[in-house]
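Novice: Protein chains in written order, with the working numbering: chain A, -8 to 290; chain B, -8 to 290; chain C, -8 to 290; chain D, -8 to 290.
Bear in mind the hints are in silico, worked out from the structure with no lab data behind them. Where a beta carbon is used, it is the ideal one built from N, C-alpha and C, also for glycine. Careful, some of the hints might be misleading.
[Said to hold, decoys possible] Distance condition first, Cα-Cα at most 25 Å in a straight line; then the derived DSS-like pairs of lysine-lysine:
id : chain 1 : residue 1 : chain 2 : residue 2
1  : B       : 167       : A       : 105
2  : A       : 80        : B       : 80
3  : D       : 80        : D       : 105
4  : A       : 19        : B       : 80
5  : B       : 19        : B       : 67
6  : A       : 12        : B       : 19
7  : D       : 67        : D       : 19
8  : A       : 223       : C       : 12
9  : C       : 12        : D       : 80
10 : C       : 80        : C       : 105
11 : D       : 223       : D       : 12
12 : B       : 275       : B       : 12
13 : D       : 80        : C       : 80
14 : B       : 167       : D       : 223
15 : A       : 80        : A       : 105
16 : B       : 228       : D       : 80
17 : D       : 67        : B       : 223
18 : D       : 223       : C       : 19
19 : B       : 105       : B       : 80
20 : C       : 12        : C       : 223
21 : A       : 19        : A       : 80
[Stated by the list, open to error] Distance windows between CB atoms, simulated:
id : chain 1 : residue 1 : chain 2 : residue 2 : range
22 : A       : 243       : D       : 272       : 25 to 35 Å
23 : B       : 233       : D       : 220       : 14 to 24 Å
24 : C       : 177       : B       : 140       : 36 to 46 Å
25 : B       : 122       : D       : 233       : 33 to 43 Å
26 : D       : 177       : A       : 109       : 29 to 39 Å
27 : D       : 109       : B       : -1        : 37 to 47 Å
28 : D       : 176       : C       : 272       : 27 to 37 Å
29 : A       : 153       : B       : 122       : 26 to 36 Å
30 : A       : 109       : C       : 226       : 47 to 57 Å
31 : D       : 272       : B       : 287       : 32 to 42 Å
32 : D       : 176       : C       : 244       : 29 to 39 Å
33 : D       : 176       : C       : 57        : 44 to 54 Å
34 : A       : 243       : B       : 233       : 29 to 39 Å
35 : B       : -1        : D       : 54        : 28 to 38 Å
Protein chains: 4
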Amino acid sequence: MSHDLSLQGVFTPITTPFDEKEQIAHGKLCENLELWNRTELAGYVVLGSNGEWVFLDESERMDVLRTAREAIPPDKLMIAGTASESTAKTIELTERAAALGADAAIVVNPSYYKSQMTLPVLADFYTGVAERAAVPILIYNLPPATGMDLSADLLVQLSHHPNIVGVKDTGGNVTKMADVVRRADPSFHVMAGSANFLYPSLAFGASGGVLALANIAPRESVALRRLFLEGKLDEGKALHLRMLPINLAITSRFGIGGLKAALDLLGYYGGPPRRPLRPLGQEKRRELEDILRRGGLLA
Amino acid sequence: MSHDLSLQGVFTPITTPFDEKEQIAHGKLCENLELWNRTELAGYVVLGSNGEWVFLDESERMDVLRTAREAIPPDKLMIAGTASESTAKTIELTERAAALGADAAIVVNPSYYKSQMTLPVLADFYTGVAERAAVPILIYNLPPATGMDLSADLLVQLSHHPNIVGVKDTGGNVTKMADVVRRADPSFHVMAGSANFLYPSLAFGASGGVLALANIAPRESVALRRLFLEGKLDEGKALHLRMLPINLAITSRFGIGGLKAALDLLGYYGGPPRRPLRPLGQEKRRELEDILRRGGLLA
Amino acid sequence: MSHDLSLQGVFTPITTPFDEKEQIAHGKLCENLELWNRTELAGYVVLGSNGEWVFLDESERMDVLRTAREAIPPDKLMIAGTASESTAKTIELTERAAALGADAAIVVNPSYYKSQMTLPVLADFYTGVAERAAVPILIYNLPPATGMDLSADLLVQLSHHPNIVGVKDTGGNVTKMADVVRRADPSFHVMAGSANFLYPSLAFGASGGVLALANIAPRESVALRRLFLEGKLDEGKALHLRMLPINLAITSRFGIGGLKAALDLLGYYGGPPRRPLRPLGQEKRRELEDILRRGGLLA
Amino acid sequence: MSHDLSLQGVFTPITTPFDEKEQIAHGKLCENLELWNRTELAGYVVLGSNGEWVFLDESERMDVLRTAREAIPPDKLMIAGTASESTAKTIELTERAAALGADAAIVVNPSYYKSQMTLPVLADFYTGVAERAAVPILIYNLPPATGMDLSADLLVQLSHHPNIVGVKDTGGNVTKMADVVRRADPSFHVMAGSANFLYPSLAFGASGGVLALANIAPRESVALRRLFLEGKLDEGKALHLRMLPINLAITSRFGIGGLKAALDLLGYYGGPPRRPLRPLGQEKRRELEDILRRGGLLA
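Please model the entire structure based on the sequences and the hints provided.
Specialist: So this is what it looks like as structure tokens:
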């Protein structure tokens, strides 16, 4: 079996909407997807970090995937987050996600026992999952959460597996990302994990991005890639620099609470995150509004 | 409500035994506990890091607690690991653990969204859990897993909560631990999270320890503390230095696979860890045997 | 006074040649410069990290600057490394470098007392130096050496000083670099400190680079920038990926000993570094040869 | 040659006094030493980190050693800081220090080229220095300045050199320190580099300490060790906890400026540090006074 999944393009790692009681708001999820579906996004990551998957139990995770798949048209990919610390559980969740119509699964590496997550252990983990999975696997390198940075050597080795399709890299180490592009199997996709560095990453051959920013600015996110590919470098640079403070605000600075507040401000449903995460306070909400306004997303 | 739980003494963070198919071996769990029960251990942490809790699903976690409670006599404390990234889930698991007879719950901090886990967010998390819990809460600071180090300021603030009983600190920062001893509520227990630094920590007033070492050397672990309290400093130092290479082997060097191999070598049931963790290979097993022999645990 | 120094282009942070007794080989320095002078390099950093300045005493530093200035034609800039932990000494060395004909001075931040090097302290340091300097100051951010990463806020603040001309940033954090481009005074130059990330950095407006690679591949280094500016993106990407393993070899992998060995292999004078640094051993030298050959620098 | 230098006891890493123009105040240096000489301090480290050696040029360094030696009686050791990034320069400075009467030299490891400072390179560095030195060498492990932590393996290897006498370890990793005590040559001294962890370090066999605190509280510093050795553990613990906030204030919190302000407050000469370091501001000076008062050093 060899995957023929193309990850060229920009994907949104969607939020999971909660109501005021922190319960999943399935209707709001559909409404958001309807808005995003009108754009040229290549697809969605459902139950990624912006989807607060770590706060959902297994049945909730499956419910979200079911709802999302119904609202995502066939021409847009649904990549399901199916990670778990345990190999067996990751295999099981990936199986269930595939049965619910996921086109691929994205799997962050186990990281609780960091010192024991050596290259061979992680290679076995991903190979074990990929061999049992009915859908292609996208590796998820997420140093801000895992406290680990998957090495170029590991990624290059895994790139040759027929059912491993690429990496979403959130670390921002463009030296390593380019090294992976250079050494990996040609079918392997290196995806920028943030709008902080998607645009410069295109210069060395990143296939696209999975961008928190695409939740609130899907058209601009898609344009970042298109402008580069069309060689409109001045325009591309200007858009990159215009989006940068917005992206910093909804990620490192204000976190999920900030991203959801921005959704609310821009006509989507944001709502509260689950505790211990918190909604954005009034003062920060005003700061965020300013940032969105100066960035041209808000009138 | 104010806790009257004394954490003076040495506790074993027990392993969760699995059979060859990586299923929970409840009988083996009981057999191990019967051996440990004959010692002067003050109690057990069930479902801590050495218990591979991150690989167990919720029902398995409850099953392990049930089995353990039956095998643990009333004069020894059972501290149940009930952590989850979500506040609500942590509260729920703590409730269920209390219903199963846990004397206290140990809760590692949420760490997936590290940059958002500020002091007030973590203070709210622990306070929220403690207020709803039917048993006292022991904070679990575990930098090797979480990639975060809970600050003295946070611990001191939480020490005044009537239902927060102490901290198991695995970071090994003795400056910080002493600062917490100095500034915390007098009822708050600072517990060394490793035999690497229990012995020197007693010098500034640590109450005791929760030691992986106590799985395989419960009597020596208890003796470390007793010798210091009795002022037998030469003997205590010698024992500390004798145990150190063993403890390094079963923790940072060989991990859970090493700890379980040591259990097998010393008359307990070790068995395999769950994947992605691995059993110790032959060569390392021989190295470990040497270390145990030189440390006087193996004839 | 306001600088009119343009740092558009590619600069070589040249090595300091030593003879077999580790004494400065002034003749070899001139010979190397004669070779480099034939290229389109914009200029040189003399006594940067690749120049092993930390191993030279003050009079040696001045001797190297004197020799270099004589060998560097007026149409190429000479940027002199004048750093010291002490503010007063940095001012003094900058004065002397200017008197010897340096066009600018590059100053790595003091970092021995890291915890005390707060934003205001570093701002005062650079402002104090810039105000007394007869030539413009280029900030040198060098996390691999200093263990610190100068913040965007500091760089943006300093960018408005009329005598601070830019930053050579070796950290590789393209998010931060773009943020500085966006927020800094328009006259401020953000220079990539390594060929690892010069090429992608051009996408967001880096002015150029100060590249160890330019010691051994000056034409390719200049071409990286030219290809991007001309919009020859496929060619540029290919060159970037071709140079990457070479650059990794002569920097993070084999260090100064590797860079000097490569110089020797490519018709320049390399020679030994000063101790404690070491010349490359035979085996690694062969590896390096292979890498240079595969990268097309060696026939 | 085999050293017979005993480093049992407590040493003061003395400050270098400057006058208002930041010039060395030799008279004040003597006056301070006269006060310290009346205590049971085992000796002094001159030109350590608290001595701001990185701000002094070579001739200033020699001048300070000359003055200090004249003011230090023969029964107290003078350990001279002779570090430099270069092996040859370190050898030269050590020679000159020995000629000026130093009893030993303390040498922080080169750290500018961190990635190249591998175990064999550092072993060669220290061996090379020790073999040429007329006085014994004390290794100086200083992670807060160097951004590196010398490994137990390196220290154990070097411990067998007849002219390497011990390590001053400022990292605070008590696990590693005990591992070095256990594995090193019996003649090798492990010295706590801070009052933050001297007291607990005595439990596993540290020989003594080199303590910033001993500048302002020499008698208490000496007592910390004596109380432990006499088995007065309650008294020792109380003194450790009483000194801890003071030590945190004059090191990590307020830095050299804080230490010098404390000297001024306590009847010694402090004076200003050299720039870029700064004297303590008024508000922090009041905070510091409070801390000294609550710690019983100030009436």
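Novice: How does the Cβ-Cβ distance of residue 109 of chain A and residue 226 of chain C compare with 47 to 57 Å: does it lie in that range?
Specialist: violated (39 Å)
Novice: Given the proposed pairing of residue 19 of chain B with residue 67 of chain B, does the C-alpha separation stay at or below 25 Å?
Specialist: holds (19 Å)
Novice: Is it true that residue 176 of chain D and residue 244 of chain C lie within 29 to 39 Å of each other by Cβ?
Specialist: Because 34 Å falls inside the window, the suggested range holds.
Novice: Falls inside 37 to 47 Å, the C-beta gap from residue 109 of chain D to residue -1 of chain B?
Specialist: holds (45 Å)
Novice: Need the status of pair residue 19 of chain A, residue 80 of chain B: alpha-carbon distance at most 25 Å?
Specialist: holds (23 Å)
Novice: How does the Cβ-Cβ distance of residue 122 of chain B and residue 233 of chain D compare with 33 to 43 Å: does it lie in that range?
Specialist: holds (34 Å)
Novice: Hinted pair, alpha-carbon criterion (25 Å max): residue 167 of chain B, residue 105 of chain A. Please report holds or violated.
Specialist: Judged against 25 Å, a Cα distance of about 23 Å means the pair holds.
Novice: Range first: 26 to 36 Å. Now tell me if the beta carbons of residue 153 of chain A and residue 122 of chain B are that far apart.
Specialist: violated (52 Å)
Novice: Quick check: does the Cβ-Cβ distance between residue 177 of chain C and residue 140 of chain B fall within 36 to 46 Å?
Specialist: holds (41 Å)
Novice: Given the hint that residue 105 of chain B pairs with residue 80 of chain B, test it: the Cα-Cα distance must not exceed 25 Å.
Specialist: Holds. Residue 105 of chain B to residue 80 of chain B sits at ~19 Å (cutoff 25 Å).
Novice: Holds or violated: are the alpha carbons of residue 12 of chain A and residue 19 of chain B at most 25 Å from each other?
Specialist: Violated, at roughly 42 Å.
Novice: Has the given pair, residue 223 of chain D with residue 19 of chain C, been kept, meaning a C-alpha gap of at most 25 Å?
Specialist: Answer violated: residue 223 of chain D to residue 19 of chain C is near 67 Å, above 25 Å.
The structure shown violates the earlier hints numbered 6, 8, 11, 16, 17, 18, 20, 21, 29, 30, 31, 34, 35.
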